[in-house]
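My request is simple: use the sequences and hints to build the entire structure.
So the protein lines, in turn, are chains A and B.
Per this note's numbering, the first sequence starts with residue 11, numbered consecutively.
Per this note's numbering, the second sequence starts with residue 11, numbered consecutively.
Don't read these hints as lab results, they were simulated from the structure.
The reader is advised that the hints may include incorrect statements.
Chain B regions said to be covered by chain A (calculated; three or more residues, Cβ under 8 angstroms) [to be verified]:
1) 161–175
2) 201–214
3) 243–251
For each label pair, taking beta carbons as the anchor points, the in silico distance ranges come out as [what the hints assert, rightly or not]:
4) B/Leu132 to A/Ala131: 52 to 58 angstroms
5) A/Arg167 to B/Asp185: 53 to 59 angstroms
6) A/Asp186 to B/Ala131: 51 to 57 angstroms
7) A/Arg213 to B/Ala131: 54 to 60 angstroms
8) B/Asp65 to A/Ser180: 16 to 22 angstroms
9) B/Asp40 to A/Lys136: 58 to 64 angstroms
Among the chain A residues that face chain B by a calculated CB cut under 10 angstroms, a handful are [stated by the list, open to error]:
10) Ser177
11) Phe233
12) Gly235
13) Ala246
14) Leu302
15) Leu312
We treat Cβ as the ideally placed atom computed from N, Cα and C, and that holds for glycine.
Protein chains: 2
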Amino acid sequence: MVLGGIFGGSSTTTPQYLTGDKTAIDAFIDQFDTFLFDCDGADRRRRIGVLWSGDHKFPGTAETIDMLRSRGKQLVFVTNNSTKSRADYKKKFDGMGISAEEEEVFGSSYSAAIYIARILALPPPKNKVYVLGESGVEQELQSENISYCGGTDPLLRREMMPIDFESVASGELLDDDVGIVLTGLDFHPSYLKIALGMAYLRRGAKFLATNTDSTLPSAGSLFPGAGAISAPLVAASGQTPLALGKPSQAMMDAIEGKFKFDRKRACMVGDRLNTDIQFGIEGDLGGTLCVLTGVSKKEEFLVKDAKVVPSAYVDTLSDLLGESKAKAEAST
Amino acid sequence: MVLGGIFGGSSTTTPQYLTGDKTAIDAFIDQFDTFLFDCDGADRRRRIGVLWSGDHKFPGTAETIDMLRSRGKQLVFVTNNSTKSRADYKKKFDGMGISAEEEEVFGSSYSAAIYIARILALPPPKNKVYVLGESGVEQELQSENISYCGGTDPLLRREMMPIDFESVASGELLDDDVGIVLTGLDFHPSYLKIALGMAYLRRGAKFLATNTDSTLPSAGSLFPGAGAISAPLVAASGQTPLALGKPSQAMMDAIEGKFKFDRKRACMVGDRLNTDIQFGIEGDLGGTLCVLTGVSKKEEFLVKDAKVVPSAYVDTLSDLLGESKAKAEAST
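This is the structure:
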């Protein structure tokens, strides 16, 4: 098989099917110094994802990662999951037996923290963040020494009382230092928390979101995602948040700022066309690789006029090992 | 002053200023057999509204209502507030000393109940309603003998547990009879409640909203309205609810169905151009009257190219009494 030479993300190129073609695989891998990986498959039941799905690791994942390391590749694990910190992810990788360093993980909460601390860089003390989200957001803000309120504060997980309308309106319940409202996936929404977020936005706070994924795949079904948590504030305030997760290029800029890689020698690996692959194409990376163990099906990008087309695709990540499928499956 | 004859809701007509012009007022009132009134001003502090604002009654309100009754007018009190039932409103009118019957009140929850029972009329038992809202919605569903779940059920005001993802996905936590999801203003949102609503929508339930007001005026500020409660479901499901409150004409149809009035001999009285006045114009009523004790200012409809223009306007509702302003104010 003759390689096309340049693995551009252009939607006019026919994507290359790498599974079972050792020569093509080696040439593909050699094109890149850096691989950005989507991680998640939160969905245990349907077992969809790239590296794992829930507690299920796809066969050959650890070996594939080790192979790329042995060939000197820089690896970055990119996730939109805002509820987990990089430290949480390190534990997940360890539990899965996949080699990874905390510093190689880049989540949407960390992306938001980096953006707030290094790019937005509001002058203190008016740079406090009001959080609608879980501890993953809080941990990453702490890691960048950003002060915050809201989040997992149990005092806000309560009923809105009539007096609260007065206290929010008067500003008594507000922290004067808040200059940013940051939403992520929050499993504990309350009217009081939404009302406080709206009050801060009405005072001129910047509106950010770790990501705005509309859905969260879980248990073989779809649940409300981070986009459903920011939605009440969008409706009530008329404002739209800047999203710091895939496919927002604000996240790509932050990743590049931290890892200093050559975009033309980098490849995004993922299972979702409209987040992962689009993220790589819009970021003008040298290539994109779609893994078919996930959400998107090859029929979606092999059709004529497909909107988002990867440079290449494989049935499963471990196909990059170049072993026969039977052998790869037998080894785990 | 010579009257223009027809008080159409057309935006090309210059609205007539009635305050202080007894002849014009009498002629205006004589044009109509039916008056539809907006009621609410939830905002105690800023005292904005038509009949009242919070616990503050505008001077002369009761007398104006009595005057219209003495002239044989049919009165309907129309409100988008979904948290209160007609019975709740009757108590409010009584407390304010304003004469009104429960049957004259038409709220967005009642509008939704009427729509579900008489227009949508899904075949039982698959016509149960899953409610995201407060007791006002439940009471009105009961009044039309519609079965429901969700709503104020304290068992749903709890944390989403990991097992809940499985139970929602498997359908174990779902009621098989639910065919409709109805959202109103809910002061007790929870991830579990939103996840259940999403699951019902994914099963094909109809999506309705009592109203989709983005904000709730209160305590001199703005808080998240019913539109902020439906927003997570809109984001997560990609579906948009049919709204049964102002300015949706589904509400006007329901009002007409119940009260059997002649639209050309009916006038909508309200303080908001983009809800009340638009509701009357789109409903092709004979006239609309804007009361300036509320949200909208006359500058908004007196400018050239104004989008929504009432037939007439008064400074305050009691100006319809035709008394001098000083006298009206002294009388309360």
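To see whether the hints hold, each was checked on the structure:
Residues of the stretch 161–175 of chain B with a Cβ under 8 angstroms from some Cβ of chain A number 3, which satisfies the need for three, so the listed coverage holds. Counting residues of the stretch 201–214 of chain B whose beta carbon lies closer than 8 angstroms to any beta carbon of chain A gives 6, which reaches the threshold of three, so the coverage claim holds. With 5 residues having a Cβ less than 8 angstroms from any Cβ of chain A, the stretch 243–251 of chain B passes the three-residue criterion, so the hint holds. A C-beta distance of roughly 55 angstroms is found between B/Leu132 and A/Ala131, which places it inside the suggested range of 52 to 58 angstroms.
The given range of 53 to 59 angstroms is broken by A/Arg167 and B/Asp185, whose C-beta atoms sit roughly 26 angstroms from each other. Between A/Asp186 and B/Ala131 the CB atoms are about 54 angstroms apart, so this pair conforms to the stated range of 51 to 57 angstroms. For A/Arg213 and B/Ala131, the Cβ-Cβ distance of about 47 angstroms falls outside the hinted range of 54 to 60 angstroms, so the restraint is violated. B/Asp65 and A/Ser180 have their C-beta atoms about 18 angstroms apart, which keeps the hinted 16 to 22 angstroms range intact.
The beta-carbon spacing between B/Asp40 and A/Lys136, approximately 59 angstroms, falls within the hinted interval of 58 to 64 angstroms. A hinted interface residue such as A/Ser177 counts as satisfied when its beta carbon comes closer than 10 angstroms to some beta carbon of chain B; here the least separation is about 9 angstroms, so the hint holds. Interface hint status for A/Phe233: upheld, as the beta-carbon distance to the closest one in chain B is roughly 5 angstroms, under 10 angstroms. For A/Gly235, the interface hint holds, since its Cβ comes within 10 angstroms of a Cβ in chain B; the closest pair sits about 7 angstroms apart.
With a cut of 10 angstroms, the hint placing A/Ala246 at the interface with chain B holds, because the nearest CB-to-CB distance is about 4 angstroms. At its closest, the beta carbon of A/Leu302 sits 23 angstroms from a beta carbon of chain B; the interface hint therefore is violated under the 10 angstroms criterion. Interface hint at A/Leu312: violated, since its Cβ lies 25 angstroms from the closest Cβ of chain B, which is beyond the 10 angstroms cut-off.
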